[in-house]
Amino acid sequence: MDVALRALNRFGLGARRGERQRVSDPRGWLKAQLDGGAPSLHASDVPSPGVIGDAVRGLRMPGQRDAQERREARRHLVELSAGEARTALEARISSDRPFVERLVAFWSNHLCVSSGSKILVAPLAGAYERDVIRPHVLGRFEDMVLASAKHPAMLAYLDNFQSIGPSSPGARMGQRNNGAKRGLNENYARELLELHTLGVNGGYTQADVQELARVLTGWTIDGIGGPGARVPQSTQARRANGAIRRAQPQPGSAIGFTFRERLHEPGTKTVLKEHYKEDGLAEGERAIRALCRHPSTATFVATKLATHFISDDPPPAAVDRLARAFRSSDGDLKVVARTLIEEPEAWRDDARKFRTPQDWFVAVMRAFGANEVNPNAPVVLRQLRQPLWSPPSPKGFGDAMQEWADPDSLLNRGELARTISRQPAMAALDPRALIEVVDVPAGNPLHSLIADTSIPAPERVALAIAGPAFQWR
Amino acid sequence: MTMNRREFVRNMCYGGIATFAAPRVSFAQVAQNGRLVFVLLRGGFDGLAAIVPYGDPDYAALRGSFAFKESELTPLDDTFGLAPGLSPLRTLWDSNELAVVHAMAIPHRTRSHFDGQAILETGLDHPAGSSDGWLNRLLQVMSGRRSGIAIAAGMPLSLSGPYQVESWSPTQLGAVDDAFLERLAVLYRADATLQNRFEAALQQQELVGEEPMARGTARRGAITPLMQAAARILRQDQGPNIAAMEFSGWDTHANQGMAGGALDRLLGQLAEGLVAFRTAMGPAWQTTTVVVMTEFGRTARPNGTRGTDHGTAGAGFVIGPHVTRAKVVSDWPGVGQNALYEGRDLKPTLDTRAVLKAALSGTFDLTAAQLDRVFPNSSTVRASSGLML
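Protein sequences, first through last, are from chains A and B. Quick note on numbering: my numbering labels position 325 of the first sequence as 325, and the sequence is numbered without any gaps. Quick note on numbering: my numbering labels position 175 of the second sequence as 175, and the sequence is numbered without any gaps.
Don't take each hint at face value.
Partial list, derived from the structure: chain A residues whose beta carbon lies under 7 Å from chain B [to be verified]:
id	residue
1	E72
2	S117
3	I119
4	D350
5	D406
Source of the hints: derived by calculation from the structure; they are not laboratory data. Bear in mind that the values here come from a model prediction, so they are computed numbers and not experimental data. Backbone N, C-alpha and C fix where the C-beta goes; we use that ideal spot for every residue, glycine too.
Chain A on its own, in the form it takes in the complex:
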């Protein structure tokens, strides 16, 4: 094993040509990446909150528009999503802090939203990664989870924006107005416990799920209208207009988080034996921080990190050390990332991880020295079965070999490699230059194939990136 390549491929997102020689102190190179600030994107590359708000609202009122307006809203959405995907992928492909970018992708997947199952998420997914993950990826876990809980993408994805306390004034009023029964939606509370913090065997009950859902009632989306946005007026005013005024969001306005007291379930709640006295928004903030500090959370998160960075079957000693770092630092993710670098198991010869389709694609682009991606990249990732921000369930994408190294996918990578290698831009690429980004021992047949000038150069390029050695990191 080449230690520099291990740092570049395992911790980073794939070596670029020339980097192997430059990285003389692999651990130091990784640690230095943690010392910069939060990895934010250039403001000029990202859409304004108002543009995103309009795209979301465009999806919310399809019934009242004519075909032309619907087409326009659709075009707006497609353009917005494509731009967001391109920006995010280019950040991974061109980053000089690839370890930090890998961490962004990891946490974005851990607290995933998916535009595949809820169209409302589509215009928000890029903003979610920018606003929730990037600012906290080297900060504190609980701040990240809290930001996630309050982001419109998560509120929409796991339905919390529609969850209403059954005894809240909002529920009673809703019933009086139209007879429709509205109430608690446990979806987010369940996944917050099961997938974001304690883990499925973390020691909570169905009662905890329901109580946590009650704690989080009233956490909703601002700026999209809808039932949650009815605002009560004084009794006098109500008598005067005989109706309840509905807040109308302005075009061009941002959408965001709001706490609506009148949708919030009143009373004391009990989550994991902790009592939460009626305290509005603060109840949920306290509950989420408590979940993040729960011992099960440290173990759950440590296991997931060890699985991602070390092995599909991570060594318990490594999980323990990561969990301890997480607990003793109060969930400081920079400390946890530094512990990962120091983790001896991650540098062992026999530890290796199969590249997921996104990993593979990004590594290919980096090996080629690309700085921008083809507009087709999101489509390609979908064909490789790992579309950006569209995991099939709230569990996010897995990263075990078992999930990705199926026969058809290996063949797909071969086909795609051949397609990419035929592109005119690849003509200048000397296949022999690619061998330095692939960790292959002497004597591996890749060495002789890549040097065999009787094979057309584009085909040798394809062999380098489609061959088994490039499938691992």
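Mind docking chain B on chain A? Use the hints.
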């Protein structure tokens, strides 16, 4: 020496290139006779538009402009008829290989595609953030030779889980020639972990078709070529025997149409695909069961955009020689106003798991305890009686 792809693959798989080990995963275990294909119609397939209850006295009034005339249908009995598009299924009906299940629904009430598909695919009775698919659980609890394959553009949740499964899809990301695959195979030989998987991929290609563009011709969305490709994989003696397939386009909120309309054309493709599958299976058809299901039915009445919205109970099919006889299996609730679920949907009277349990026990040797492991918390749900031999 150059070989053509066919020779190359055959040599690889059957020992011409001596150093290849026999594939561990796919084609080298003892026989389990049955074959099962689970076809998921994603989007909510309109059971009332497909299996038409023309003999129900409330039908015409309920469906209004969506009501078929008896003369347009292929009658199955005094109550039900096949919609015009489904008329190719008549041949399966006549050979006593088609059971229609109606007024069937998943065990949890939801009108969300996401939750509905998750429940149908995990085989659970509630939506859960993470779970194995029931087909994967089936592979885990079965004994004897068995192997699962996703014949789909992605890995369906139904087949996901710890039991290793294979995959084949018509997704082709570029043309590859034999020389390239041959060299790639040389590289894969140096990787003990991935070598067998790559071999299996070439082998499936071989099963699916001799033409190099076989993947290209079974394009996404075209049902018949994909069903034929599936048959070429599943009919092999040592091939996979449990398959998941999926087709989308059933979410007909607008302009679903009548005879010759959008939905009817899709039904036609489905029916032709199922019949083509039987033909292509050849003798292996005798051990095969195909189950067709959807996450939910649709609203009983047309909506304001000449379509239907997300509803509750719907219809499905169980097809194959193990079916008792041609019949509509349903505890029909009727479609009068008071009979509808929440006043708008066909009322569920049959649990999808009851149908799946019957299909499984009619196809494989499985105990009730094994079936309860495939479908957790389902011990009170009995396999539908009279559905399978």
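Taking the hints in turn, this is what the structure says about them:
no. : hint : verdict
1   : E72  : 18 Å, violated
2   : S117 : 4 Å, holds
3   : I119 : 11 Å, violated
4   : D350 : 11 Å, violated
5   : D406 : 4 Å, holds
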